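Engineer: Now for the letters of each chain:
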Amino acid sequence: MANPLYQKHVISISDFTRAELELVIDTAVMLKTHPRPELLKHKVVASCFFEASTRTRLSFETAVHRLGGAVIGFSDSGSTSLAKKGETLADSVRIISSYSDAFVMRHPQEGAARLAAEYSSVPVINAGDGSNQHPTQTLLDLFTIYETQGTLQGLTVAFVGDLKYGRTVHSLTQALSLFGCKFYFIAPQALAMPDYLCDELTEKGINFEFRDSMEEVMDELDILYMTRVQKERFDETEYVHVASKYVLTPQVLENAKDSLKVLHPLPRIDEITVDVDDTPYAYYFEQAENGVYARQALLALVLNESL
Amino acid sequence: MNKSQLQVEAIHNGTVIDHIPAGQGIKILQLFGLVQTHEKITVGLNLPSKALGAKDIIKVENTRLTAAQANQLALFAPDATVNLIEDFEVVEKLQLQLPEQVEGVFSCPNSNCISHNEPVSSKFRVRAVSGQVRFRCNYCEKSFHRDLMAV
Chain A
1 MANPLYQKHV ISISDFTRAE LELVIDTAVM LKTHPRPELL KHKVVASCFF
51 EASTRTRLSF ETAVHRLGGA VIGFSDSGST SLAKKGETLA DSVRIISSYS
101 DAFVMRHPQE GAARLAAEYS SVPVINAGDG SNQHPTQTLL DLFTIYETQG
151 TLQGLTVAFV GDLKYGRTVH SLTQALSLFG CKFYFIAPQA LAMPDYLCDE
201 LTEKGINFEF RDSMEEVMDE LDILYMTRVQ KERFDETEYV HVASKYVLTP
251 QVLENAKDSL KVLHPLPRID EITVDVDDTP YAYYFEQAEN GVYARQALLA
301 LVLNESL
Chain B
308 MNKSQLQVEA IHNGTVIDHI PAGQGIKILQ LFGLVQTHEK ITVGLNLPSK
358 ALGAKDIIKV ENTRLTAAQA NQLALFAPDA TVNLIEDFEV VEKLQLQLPE
408 QVEGVFSCPN SNCISHNEPV SSKFRVRAVS GQVRFRCNYC EKSFHRDLMA
458 V
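Protein sequence lines, in the order shown, are assigned to chains A and B. With the first letter of the first sequence counted as 1, position 68 gets the number 68 in the working numbering; the numbers rise by one all the way through. With the first letter of the second sequence counted as 1, position 1 gets the number 308 in the working numbering; the numbers rise by one all the way through.
Since the hints were derived computationally from the structure, they do not count as laboratory data. Warning: the hint list may mix true and false statements.
As the list claims (entries may be wrong) - Listed next, with one range per pair, are the computed distances between beta-carbon atoms:
| hint | chain 1 | residue 1 | chain 2 | residue 2 | range |
| --- | --- | --- | --- | --- | --- |
| 1 | A | Gly205 | B | Ile333 | 40 to 46 angstroms |
| 2 | A | Lys85 | B | His319 | 29 to 35 angstroms |
| 3 | A | Glu203 | B | Glu399 | 34 to 40 angstroms |
| 4 | A | Glu236 | B | Ile333 | 32 to 38 angstroms |
| 5 | A | Ser121 | B | Leu455 | 32 to 38 angstroms |
Said to hold, decoys possible - Sample of chain A residues lacking proximity to chain B, with all beta carbon distances greater than 12 angstroms (derived):
| hint | residue |
| --- | --- |
| 6 | Val29 |
| 7 | Met30 |
| 8 | Val44 |
| 9 | Glu61 |
| 10 | Asp76 |
| 11 | Ser79 |
| 12 | Leu89 |
| 13 | Arg114 |
| 14 | Gln149 |
From a predicted model like this one, the values you see are computed outputs, not experimental measurements. Glycine residues also receive a C-beta, built at the ideal position from the N, C-alpha and C atoms.
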């Protein structure tokens with residue numbers, strides 16, 4: 001039976017149905033345990049990073065290589081003639097998509113991937129467009145949550161740190177809202193979850209609450225999703241005050257359930273102390289590794305009618 | 308009100324758009340390209356209104372607003388009334404309904420939205436949330452309140 005993602009653009013996590021998310025996760029599980037190095041044989045994937053993002057790019061390119069495909073592209077548009085000649089993104093996409101079987105793109109402007117999809121002759125996979133969407137990050141987050149908890153249904157998840165600008169948080173709440181999860185939002189006032197996203201969750205009947213500290217809810221959590229509070233959002237004194245409230249240490253984890261896992265989209269700076277790495281709760285490095293399997297799954301599904 | 312009391316001259320045939328919130332009249336003239344019709348147009352701005360306090364009104368000779376245009380009008384003036392006139396009489400009142408989508412009318416308030424730099428028309432999905440109209444950009448996916456939308 002043809003898979004529903006075959007030849008589909010992957011632009012926004014909100015475009016996925018619950019069944020499609022489950023299909024990607026099941027495929028990632030399958031590829032992690034049973035590698036399939038032939039799934040992209042004779043396929044060329046364009047990996048076009050109009051802004052640098054080393055981890056995401058290497059993760060995508062590793063995924064293509066592990067499936068037997070070839071990669072063309074660039075790691076930063078500054079190193080190409082595209083920016084210098086002033087070509088529109090629309091024209092660049094028309095040309096590059098004619099060379100390839102799939103078009104993975106990262107771009108600093110919001111909506112770039114959706115626009116690219118209008119001009120591309122092959123499936124576009126959004127590897128991040130400005131502060132908007134980064135759907136493959138969400139897919140790897142979902143895969144990791146599923147891997148650690150054995151389900152996505154009915155979990156209690158706390159999001160901590162910069163919830164205002166953190167697109168990974170926005171997309172993950174949208175995706176998990178399809179699985180009846182409960183959310184706690186723990187953030188400084190200045191970096192609170194945006195109203196429009198809270199409105200969306202309310203409309204969907206999702207249970208969410210705002211809390212001041214991680215300790216208040218620690219014993220209820222299945223997943224603690226940490227993000228970085230960026231220094232530049234605050235003045236120096238305020239930052240010191242704010243940041244200390246949102247730093248995860250082993251002491252904060254004292255009342256955690258045995259099954260709790262701590263996730264973080266990385267890079268981690270100082271919001272998780274290094275001694276948390278040695279606790280059984282830390283799972284952020286495995287999460288980053290899972291990015292390759294989630295991206296393998298997505299590429300395999302987009303480029304193969306059936307697996 | 309008899310014709311001698313009309314604040315803006317009556318028209319023989321055409322469309323009367325009444326109860327436009329004061330200040331929106333000129334914007335609506337531009338939006339629908341009414342000035343380019345070369346028909347006679349009479350416009351009243353800041354007229355007294357019992358319901359609105361002040362209102363604008365537009366009367367266009369020999370032009371019938373379509374239902375789709377009336378729906379676009381709802382984006383600017385949700386309580387406006389649109390009457391089609393024949394021989395000085397109202398022959399039809401158009402019901403205003405918010406359109407599901409609006410294309411090429413507003414530019415995206417997000418300055419980092421790709422739609423500003425590329426050869427595409429802006430596109431928004433229109434939704435009413437708790438009585439407030441919200442516009443969600445097709446490209447950058449951000450939602451905006453009506454007051455932030457620039458023509």
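Engineer: Evaluate each hint against the coordinates.
Structural biologist: Each hint tested on the structure:
1. A:Gly205 and B:Ile333 have their C-beta atoms about 43 angstroms apart, which keeps the hinted 40 to 46 angstroms range intact.
2. With their beta carbons about 58 angstroms apart, A:Lys85 and B:His319 fall outside the hinted range of 29 to 35 angstroms.
3. Checked against the hint of 34 to 40 angstroms, the pair A:Glu203 and B:Glu399 passes, with Cβ atoms roughly 36 angstroms apart.
4. Checked against the hint of 32 to 38 angstroms, the C-beta distance between A:Glu236 and B:Ile333 comes to roughly 48 angstroms, which is inconsistent with it.
5. Between A:Ser121 and B:Leu455 the beta carbons are some 35 angstroms apart, a value that agrees with the proposed interval 32 to 38 angstroms.
6. Residue placement check: A:Val29 keeps its beta carbon more than 12 angstroms from all beta carbons of chain B (closest about 29 angstroms).
7. The beta carbon of A:Met30 sits about 31 angstroms from the closest Cβ of chain B, which is more than 12 angstroms, so the claim that it is off the interface holds.
8. Residue placement check: A:Val44 keeps its beta carbon more than 12 angstroms from all beta carbons of chain B (closest about 25 angstroms).
9. Non-interface status of A:Glu61 relative to chain B is upheld: no Cβ of that chain comes within 12 angstroms, the nearest being about 24 angstroms off.
10. Distance to chain B confirms A:Asp76 as a non-interface residue, since its nearest Cβ pair spans about 18 angstroms, more than 12 angstroms.
11. Under the 12 angstroms C-beta cut-off, the non-interface status given to A:Ser79 relative to chain B holds; the minimum distance is some 20 angstroms.
12. A Cβ of chain B approaches the Cβ of A:Leu89 within 12 angstroms, the least distance being about 6 angstroms, so the stated non-interface status is violated.
13. With a cut of 12 angstroms on Cβ distances, A:Arg114 falls inside the contact zone with chain B, its closest approach being about 5 angstroms.
14. Listed as outside the interface, A:Gln149 is consistent with that label: its C-beta sits roughly 28 angstroms from the nearest C-beta of chain B, beyond the 12 angstroms cut-off.
Hints 2, 4, 12 and 13 from the list above are not met by this structure, while the remaining hints are.
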